[in-house]
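Undergrad: In this text, residue positions in the sequence shown follow the UniProt record's numbering: the first is 1, and each later residue adds one.
Mixed in with the good hints there might be a few duds.
[To be verified] Distance windows between CB atoms, simulated:
(1) I46 <-> P22: 34 to 42 Å
(2) A54 <-> A25: 44 to 52 Å
(3) P15 <-> L50: 50 to 58 Å
(4) V48 <-> P15: 50 to 58 Å
(5) T13 <-> W43: 32 to 40 Å
[Claimed, not checked] Taking lysine to any residue pairs in the SDA-like style, the calculated list, with each CA pair at most 25 Å apart, reads:
(6) K41 <-> A52
(7) K41 <-> F30
(8) K41 <-> A54
(9) K36 <-> V48
Derived by calculation from the structure, the hints in this document are not laboratory data.
Note that CB positions come from ideal geometry on N, CA and C, so glycine has one too.
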Amino acid sequence: MSRHPTNLHLAPTLPQLRTPPPLTAEGKPFEVPHEKTFLQKYWIYIVVALVALALSPGAPEEEEGQGGAKK
């Protein structure tokens, strides 16, 4: 005799169903908003950084006529 009964009745597995998309008042599915690119998201910060770099004073220019070290 076998140790395990052979007349086991397992319930059939149900298929995995996707949830239906949410609908508008007209019955049409909501459209997913288009994801913005990096430049579309952060263009204002890039412009501010470039303007700040353009308006910032440069390094002080050293005069080449004065050679040698100070004593």
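Undergrad: With reference to the structure, classify each hint as holding or not holding.
TA: Hints, one by one, checked against the model:
With their beta carbons about 35 Å apart, I46 and P22 fall inside the hinted range of 34 to 42 Å. Between A54 and A25 the beta carbons are some 50 Å apart, a value that agrees with the proposed interval 44 to 52 Å. In this structure, P15 and L50 meet the distance hint of 50 to 58 Å, their C-beta atoms being roughly 55 Å apart. Taking 50 to 58 Å as the suggested C-beta distance range, the pair V48 and P15 conforms, at roughly 53 Å.
At roughly 51 Å, the beta-carbon separation of T13 and W43 lies outside the given 32 to 40 Å, and the hint is violated. Among the hinted pairs, K41 with A52 is consistent with the structure: their alpha-carbon atoms are about 19 Å apart, no more than 25 Å. Among the hinted pairs, K41 with F30 is consistent with the structure: their alpha-carbon atoms are about 23 Å apart, no more than 25 Å. Between K41 and A54 the CA atoms are separated by roughly 22 Å; this keeps the pair inside 25 Å, and the hint holds.
Between the alpha carbons of K36 and V48 the distance comes to roughly 20 Å, so the proposed pair stays at or under 25 Å and holds.
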